[in-house]
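K.L.:
With these hints in hand, go ahead and build the complete structure from the sequences.
60 is the number of the first residue of the sequence shown in my numbering; add one for each residue after it.
Please note that a few of the clues may not be correct.
Here are the simulated lysine to any residue pairs, SDA-like style, with alpha carbons at most 25 angstroms apart [said to hold, decoys possible]: (1) K342 to I450; (2) K135 to Y149; (3) K192 to K427; (4) K135 to S70; (5) K266 to I123; (6) K135 to S262; (7) K342 to I448; (8) K427 to K266; (9) K337 to L420; (10) K337 to V188; (11) K192 to L412; (12) K427 to V157; (13) K135 to I214; (14) K342 to K266; (15) K192 to P310; (16) K342 to D453; (17) K192 to I71; (18) K337 to R455; (19) K342 to E454.
Across the chosen pairs, the derived CB separations fall in these ranges [claimed, not checked]: (20) L269 to L236: 28 to 36 angstroms; (21) S189 to G223: 43 to 51 angstroms; (22) G153 to K427: 28 to 36 angstroms; (23) P190 to K427: 43 to 51 angstroms; (24) S273 to R455: 17 to 25 angstroms; (25) T428 to R459: 46 to 54 angstroms; (26) Y131 to G156: 51 to 59 angstroms.
Everything labelled a hint here was simulated from the structure, so no lab data went into it.
Computed from a predicted model, the values in this text were never measured in an experiment.
The beta-carbon is built from N, C-alpha and C at its ideal position, and this holds for glycine as well.
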Amino acid sequence: MSRPVKLLSVSIGLICLLLALNFGLRSSMGFFMSPISQEFGYGREVFAFALALQNLCWGLFQPIAGAFADRYGTLKTLFIGAGLYALGLYVTAGADGVLGLNMGAGVLMGMGIAATGFGVVLPAMARMVSPEKRSFALGLGSAAGSAGQLLVVPIAQDFIASYGWSNALMLLAVCALMMVLLSSPFRLEKESGAANSSAVEASQTMKEALREASAYSHYWLLVVGFFVCGFQLAFITVHMPAFLSDQGFSPDIAVASLALIGLFNIFGCLLSGSWAGKYSKKKLLTIIYALRALAIALFMTLPMTDMSVYVFSIVTGLLWLATVPPTSGLVAQMFGLRYMGLLYGIVFLGHQLGSFSGVWLGGYLYDKTGSYDVVWWAACIIALVTALIHILIDERPVARLRATVA
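P.N.:
Right, dumping it as structure tokens:
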């Protein structure tokens, strides 16, 4: 193995650890819902709203973070993001009311997650590798996030049990600062988003890129699809522990459920990344969303046992972030790499609007009806509709890029 290849391998390894930490810390927030709600005497809607606000701020800040990284570099973006992430956890730990929860767990964490997560890091990874390795690299980065869920969630649960929810959040804030060290591979970036871009891509301005994407209907179909993805993932991440508790399961089952999702998502992302590089990305997305709808329908209709929870978690894990490699790959395929951070950031905004809806609606309807059933079935129906929507997407590069090839 040559020195440049070794250096690239080490760099990608550190980047994967960074994504694992980013995703794992965020995924652990659902386990703070019950202790925080009980201590303050709130219904679940209050902390659910803070986490919904987190997803909304994450989405709103994502295009800004992506554009900042495209222009000023990934390293600066990650430094700012790690600081915001840690500050958000610290503020949440010291919160004494709704305002503190919304500012810490909502606004600050949302901004920090945006500046240290997929929307910033995956475009940078895509620029590091050759086009034929791009989908696999995106799958590897997505899988790393799942590994974080697998590793960090049980640790966070142990922190809560051992030290209480407030001290647990303080410890997680220290962990968030470790992302500063893990961002070191991006010191090697030669330039911003212009790196590895063709001459035609590099000549395009950011304003022109936005105008082109805004006028392209197939781009908006991707945004709609990712909205549904966000709705499902955020609802399950935040409300699954409470849902299983309501069904009479122990907290250990909830921990095992999210851990299984994280474990099998590693395989799902790697397979999706590999297949997205070989087969039609839109057809792959159609299959993923259709299988999600089927999995939820069976989970809600069959008798609920420990085994059914485990099987659902395994299937959900395989499909969890499997949407990311083909979706991000389609953005690069349609528009090129120059402004991928910005354009994927807008698609991800759709994802986070869905996340806000899933998290908040889950808490709101639970407080109104005493059940999560309506939200589960809504997630099933919209997944089926989304599967049909992806059939309509045109995977080809936009006319500007096709003309250069011709």
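K.L.:
Each of the hints needs a verdict: does it hold here or not?
P.N.:
Going down the list of hints, with the structure as the test:
1. K342 to I450: With a Cα-Cα distance of about 7 angstroms, the restraint between K342 and I450 holds, given a limit of 25 angstroms.
2. K135 to Y149: holds, 22 angstroms
3. K192 to K427: violated, 49 angstroms
4. K135 to S70: holds, 17 angstroms
5. K266 to I123: holds, 13 angstroms
6. K135 to S262: holds, 24 angstroms
7. K342 to I448: holds, 11 angstroms
8. K427 to K266: Measuring from Cα to Cα gives roughly 45 angstroms; hence the hint is violated.
9. K337 to L420: violated, 38 angstroms
10. K337 to V188: Cα-Cα ~16 angstroms, so holds.
11. K192 to L412: violated, 30 angstroms
12. K427 to V157: Holds - the C-alpha atoms of V157 and K427 are around 20 angstroms apart, at most 25 angstroms.
13. K135 to I214: violated, 29 angstroms
14. K342 to K266: With a Cα-Cα distance of about 31 angstroms, the restraint between K342 and K266 is violated, given a limit of 25 angstroms.
15. K192 to P310: violated, 40 angstroms
16. K342 to D453: holds, 11 angstroms
17. K192 to I71: holds, 13 angstroms
18. K337 to R455: holds, 15 angstroms
19. K342 to E454: holds, 10 angstroms
20. L269 to L236: 28 to 36 angstroms: holds, 34 angstroms
21. S189 to G223: 43 to 51 angstroms: holds, 49 angstroms
22. G153 to K427: 28 to 36 angstroms: The hint (28 to 36 angstroms, Cβ to Cβ) holds, given that G153 and K427 are roughly 31 angstroms apart.
23. P190 to K427: 43 to 51 angstroms: About 50 angstroms separates the Cβ atoms of P190 and K427, which means 43 to 51 angstroms holds.
24. S273 to R455: 17 to 25 angstroms: Given a distance of about 18 angstroms, which is inside 17 to 25 angstroms, the answer is holds.
25. T428 to R459: 46 to 54 angstroms: With a Cβ separation near 50 angstroms, T428 and R459 satisfy 46 to 54 angstroms, so the hint holds.
26. Y131 to G156: 51 to 59 angstroms: violated, 36 angstroms
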